[in-house]
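**Q** One-letter residues, chain by chain:
There are 6 protein chains.
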Amino acid sequence: MTQSTTTLFRSYLIEEYHLTEEPYYKPVGDEIELFEAAYKQKIPLIFKGPTGCGKTRFVEYMSYRLGQTLTKVKQTGDDGAPRAGNIPLVTIACHEDLTSSDLVGRYLLEGDSTVWIDGPLTRAVKVGGICYLDEIVEARKDTTVLIHPLTDHRRILPVEKKGELLEAAEGFLLILSYNPGYQSALKDLKHSTRQRFVSIEFDYPPRDIEAEIVEHESGVDKDMAMQLAKLGEKVRNLREHGLGEGASTRLLIYAGKLISQGIAPRRACQVAVNWAVTDDPSVQKSIEELIGSIFE
Amino acid sequence: MTQSTTTLFRSYLIEEYHLTEEPYYKPVGDEIELFEAAYKQKIPLIFKGPTGCGKTRFVEYMSYRLGQTLTKVKQTGDDGAPRAGNIPLVTIACHEDLTSSDLVGRYLLEGDSTVWIDGPLTRAVKVGGICYLDEIVEARKDTTVLIHPLTDHRRILPVEKKGELLEAAEGFLLILSYNPGYQSALKDLKHSTRQRFVSIEFDYPPRDIEAEIVEHESGVDKDMAMQLAKLGEKVRNLREHGLGEGASTRLLIYAGKLISQGIAPRRACQVAVNWAVTDDPSVQKSIEELIGSIFE
Amino acid sequence: MTQSTTTLFRSYLIEEYHLTEEPYYKPVGDEIELFEAAYKQKIPLIFKGPTGCGKTRFVEYMSYRLGQTLTKVKQTGDDGAPRAGNIPLVTIACHEDLTSSDLVGRYLLEGDSTVWIDGPLTRAVKVGGICYLDEIVEARKDTTVLIHPLTDHRRILPVEKKGELLEAAEGFLLILSYNPGYQSALKDLKHSTRQRFVSIEFDYPPRDIEAEIVEHESGVDKDMAMQLAKLGEKVRNLREHGLGEGASTRLLIYAGKLISQGIAPRRACQVAVNWAVTDDPSVQKSIEELIGSIFE
Amino acid sequence: MTQSTTTLFRSYLIEEYHLTEEPYYKPVGDEIELFEAAYKQKIPLIFKGPTGCGKTRFVEYMSYRLGQTLTKVKQTGDDGAPRAGNIPLVTIACHEDLTSSDLVGRYLLEGDSTVWIDGPLTRAVKVGGICYLDEIVEARKDTTVLIHPLTDHRRILPVEKKGELLEAAEGFLLILSYNPGYQSALKDLKHSTRQRFVSIEFDYPPRDIEAEIVEHESGVDKDMAMQLAKLGEKVRNLREHGLGEGASTRLLIYAGKLISQGIAPRRACQVAVNWAVTDDPSVQKSIEELIGSIFE
Amino acid sequence: MTQSTTTLFRSYLIEEYHLTEEPYYKPVGDEIELFEAAYKQKIPLIFKGPTGCGKTRFVEYMSYRLGQTLTKVKQTGDDGAPRAGNIPLVTIACHEDLTSSDLVGRYLLEGDSTVWIDGPLTRAVKVGGICYLDEIVEARKDTTVLIHPLTDHRRILPVEKKGELLEAAEGFLLILSYNPGYQSALKDLKHSTRQRFVSIEFDYPPRDIEAEIVEHESGVDKDMAMQLAKLGEKVRNLREHGLGEGASTRLLIYAGKLISQGIAPRRACQVAVNWAVTDDPSVQKSIEELIGSIFE
Amino acid sequence: MTQSTTTLFRSYLIEEYHLTEEPYYKPVGDEIELFEAAYKQKIPLIFKGPTGCGKTRFVEYMSYRLGQTLTKVKQTGDDGAPRAGNIPLVTIACHEDLTSSDLVGRYLLEGDSTVWIDGPLTRAVKVGGICYLDEIVEARKDTTVLIHPLTDHRRILPVEKKGELLEAAEGFLLILSYNPGYQSALKDLKHSTRQRFVSIEFDYPPRDIEAEIVEHESGVDKDMAMQLAKLGEKVRNLREHGLGEGASTRLLIYAGKLISQGIAPRRACQVAVNWAVTDDPSVQKSIEELIGSIFE
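Chains as they are written, first to last, in the working numbering: chain A, 617 to 912; chain B, 617 to 912; chain C, 617 to 912; chain D, 617 to 912; chain E, 617 to 912; chain F, 617 to 912.
Just chain A, same shape as in the assembly:
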């Protein structure tokens, strides 16, 4: 059990993680204004939209932006507490085995004594950060029920194992996301949960904006980026012809990155887009033709 490794990696406390550089984000509509209005009114948010359309990036951008623009209420010096300019962002990927203890915290035996370890949600509640529960419909019922009191006017988190109630710090905001085209009837978000949130619907960016993003992120030139964005658009149109879900912007960027490493565009699009979105030979054939028509 020797651990003979020099530190090749970096580690952070979850609640101290915040973005130090402005994330690249291209707004599509009034999503920034809506977010700011909700944040001021302490109204929790749901983001709905397909895989890889930019929801996570938007949350990162807003947590950075709000840190820059909000008044400096929290400037508390060198005691380790968050300062203006830093809105901690706590992201939690939901899944069916996530327990409420995973979110709220648990007792751990440490040597001879038992120590309480706050979960990521409790950490966000205490420091007044943004807590982003990604793919909430995957979560077990105890998780979704747990967040209800945080969306009441009292903004309370019950920590039942400690017999305590926590009132969320100023600045705390809860955000959920899910993909409505994706979820099954079994994994529907209950009305008693969803009616506690304002919901913003997202979609893939329009071709021009997507080309800008691909160019910026992958290093290909403007023309190639435009062609990749065009491919993305066309593949998404196949969704009515047997394709489960369209290609994400991320996959277009991957294709661009492989191209910038010298892989031929058609091969790059085959592995980064076509084979990535489907295993179905007939759908693969259709996408292959799309790729061929763009990158002759």
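The hints are simulated quantities; they were obtained by calculation from the structure and are not laboratory data.
All the pointers check out, no bait thrown in.
Since copy identity is lost for identical chains, a pair holds within one copy or between any two.
In the SDA-like style, the derived pairs of lysine to any residue whose C-alpha atoms are separated by at most 20 Å in a straight line are:
#  : residue 1 : residue 2
1  : 656       : 684
2  : 757       : 712
3  : 642       : 833
4  : 778       : 722
5  : 757       : 804
6  : 656       : 883
7  : 778       : 717
8  : 656       : 831
9  : 777       : 715
10 : 777       : 722
11 : 838       : 849
12 : 777       : 756
13 : 778       : 733
14 : 658       : 834
15 : 777       : 632
16 : 757       : 717
17 : 757       : 715
18 : 901       : 818
19 : 656       : 833
20 : 778       : 732
21 : 806       : 895
22 : 658       : 624
Assemble the complex: chain A is given as a structure, and chains B, C, D, E and F must be docked to it using the hints.
**A** Just chains B, C, D, E and F now, with coordinates in the frame of chain A:
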């Protein structure tokens, strides 16, 4: 595992939490009289009604009101016990993973010794508070069975892990809630449980009262509040046309709050009402038309 | 984790709980004679019958009565053991998460050492009390199997975690209850279990006796009690018209108690009987008419 | 957690429990010879037969009888080990939650050190007793698989948590029982298990022998016993007319015991036989008529 | 928790268990040559075949035989390590509750410190023994996946709880068995598992060889053994007429053993063969006739 | 619990395991170039393809090759950290019981103190190795969700039990594999997972290359290897005629190895190919004919 945060949040013991300000509540019928009669007779209650129609707010209001009006039996000085004016309110959101230990308590190892931690139900039983089990039909069978002896004339809570029986303190009352339009056959409340309670049915408030509530809570003016209440009424009528559940009063308040932040009413109603209640494009279209007809 | 509460409640050891006052019970047939014959012959019993027809009350009554009438075999002075006049009654509400450890006992870590805590069944076996397993069909198979050796001529409880067998003390009797109109095929009591018991079937009391009970328990006058008993009878007749289960005597008593607090009889019967037994609007309408025909 | 009870009960170590008096058993065929032949050849046995037909009693009888008749191999003095005349009998009621640890043993923390506690099967293996696994088809697969090596020519029990193999002591024999008319396809005994055993089929005793048993066990006279045996026979014939399983001899004895306490025969048979075997009103009616025809 | 037993039994460390006498085994084809070729090439094996056809006995025989014939690489003196002549055989009966920890090992608290206990698979890997996983299709997926790296050219066992990889000692071989006529679609062996093994199919031995085995193992004479083998053959032919699985050689030996104890052949075959293979009355009748035709 | 074994085996820390000899690998297309481009761009990869077509071997080859060709960034001397020439390869076989703790790590009690043990994924993240999650579709949802942040631009692993985030070391790459012809709808890889990876599809090697591999690995001569490769090709064509999956290259090598031990080719192919790929008698017959036609 350092926890370098100054205290930006507040915490309470669960059984000491009570309301210090009168919650805003507009009665619709004789619900206050019924509650008071049941409370005096120690008859446990079930509240039935749709999501967000005000059941939780009513419990909060009654726990505050009873604290003000009841005789001062419990005025016990500065020993930390509840005083007249304070009826502790313990709220528990039920879900399918809630165990009886979550309600009654458990042993925790603390350093070298084992400490018993009372669960929230036990805390309410001991201090004579109101215990509100929200969405009881979500609870597992062991939870619902556990409360049976508390509804007998003996008002007893068995704490089996300690080999004890607790007789509830004067003032203790058990209240359940569920949404009958919501629950499935699988999650029906058993007769052996439901026949231990008097049941009060709730519905959304009538338009005038709802407008008053929206105005009071969101800060919009009377006219805007009336229009939002009208929208709520119309959306609820869609329930027979494919909408799972009507818009709660809470969502109307959210719309009002966004409007008071400068978001245009139609956009505010889109994100706070329409997208919040449904993912179905055709239902969304109908609601969009309703919104358009009210906020031209 | 401070527990700043003065003792507003009372607690007992499970096996020391017994009734100090005679419970109010009106016999309907020869159930008292049957119980006494079985108790003398150490034959375990099953009580079958609908929700709230008085099975639990009968067990309480018999445990008090037997304590008064049996010879004083167990008069053992002030050592804490049960005395004549006291037959401890241990009631266990069964549910699908009740484990055999919940019944028999478990080891708990206490400080540096491990302590065995007897479960409620073991406590009843040791002191020679009556153990009443309510709604046995809800129990898991390991629970029902566990009681088999206690119904053999040897009357033995295996405590496998301790590697021990316990022979039940003189006076111990096992009683099960269930509701045959209620249980599903899935939750049938196995023949290898049920053929170890003599079974007594119970039903709601006839109108005259039920009126006496309602009058005695709720404080309304004889006429009102008769009308409530009449309502109960009529509601039970609806069982063939879509009502899952008839109204229990308990609900009639609740209605009486609300009436004695000044609530109008029709409203009292609406919340205590009608809404308590069903969520189905058409059945509610039928019951409303019944109520209207009795309390014009 | 004080345990203020004088010892009103008796307790034994599981492996030291043996019968000190000859159990009353009336052989029906050559079952005693078959058992003795198998015991000498160390061939494990399966007993098949309906509920309450005497399988358990037969095992008890044989463990007593073999203790009397076998040569005194194990007479080892006052060291606590079993002596001739004592073949320990370890009975385990199987159910779907019985784990292999429940059978083999587990580590328990005791104060500062961990102590291994042998399970009942391990105890039987070590002392060379008879281990009777009742209703084996209810057991989980890990339990049934666990016993396979004990039925090989090597007669070995793997105690995997200790990394050990135990060779069974001389005298150890494994016996299973199940009810073939009862089990579902889901709970079938696998061929890889059942083909490790010689199987003996049991049925209810013929009328004369059953009457003798009822008379001996319940205290009624010969005539009454004969009538009860006749009732048992007739009720069993109803099995083809909707009755799940016939009345066991045990139930006839219960009826006899109630009769000997002064309960009228028809009432005694109603509660001890009719209501005990079925909840179905039409089957109850048929049995009522049978009872009426015998006890006019 | 006193354990007052003198040692009537013997115990071994799992990895030190090996056969000291040559097991009786009659080869049917070239199975010995195939096994030796695979063992030299370190190719893992699957044995397919019906219940009780001799797969386990063959593994025991080969482990003994290889210990005798292989060069004496492992002769390491009196340090407790295996010597030539001893190839440890570790047999594991698979079932659906067998966890990977059961195979690989786990940490156990022992007094104040935690001790790692190797599981049986780890023990076989370390000493270079034969590990026989019986009825592998019963195992959970984590178990079957666990053995994959042991069948790679690297022959590695990941012990993830210790963060280690173990390279198997020279001599280690993995053997699985299952019954293809038995398994359901649900319990199919995955191709990613089965294509890691060479598979040998087994069947019941031909009549002459089986008679030799029965004679040798049960003590009956040659004629009787021949008749029993003939019965086995005929019963197996019933498999197409409703019999789940044919009678194993083991059952024929049991019949022989009962006969050698003086039980009449027809009765012996009834309990050891007929009732052992089926509960179905019509199949029992057919087998009864077979028995009658052989043992008139 | 004595462990009397001399060390006959070797053990490694998981994160220090790397290949010291170049694995034998025959490229089929541009898979090496694609892998290198993705590795430079830190794009995670999915390998799709049938059982035993060489995916695992390819990962081993690339981890060795990249260690040889990459610039010597990580040459850090004798402190135990990885050096150029060594890219650690951490392989994890996924299955439905693999928890996120199995991947990330857990606290273990060690003597009096609790020690955190990194899981294999955390080890790969920290040392900058290649982490290969084999058969990812078998994994539980919590496992697949866990890897999402490692595929974001931030390359972060949340270690929630420690309240930490780890940024992956330079050189870390995540690779998944699955078999698209194999997986059920239930075990589909979610789009939110698969669209985070570039996907490369693999198939069995063409006949000439496969023959070279079989010759090299099994020791048979070129002709025999060619015949075995021909058999492989023909068996795979049977996939449309009831065969679940074609024979892997590995099975052809097994056949070759048995042949090189003197087993006749037809018998070797029967046990190593035919019986290994199917239990279905009619498919076995077809394959037997194929074998017969090649090895007359």
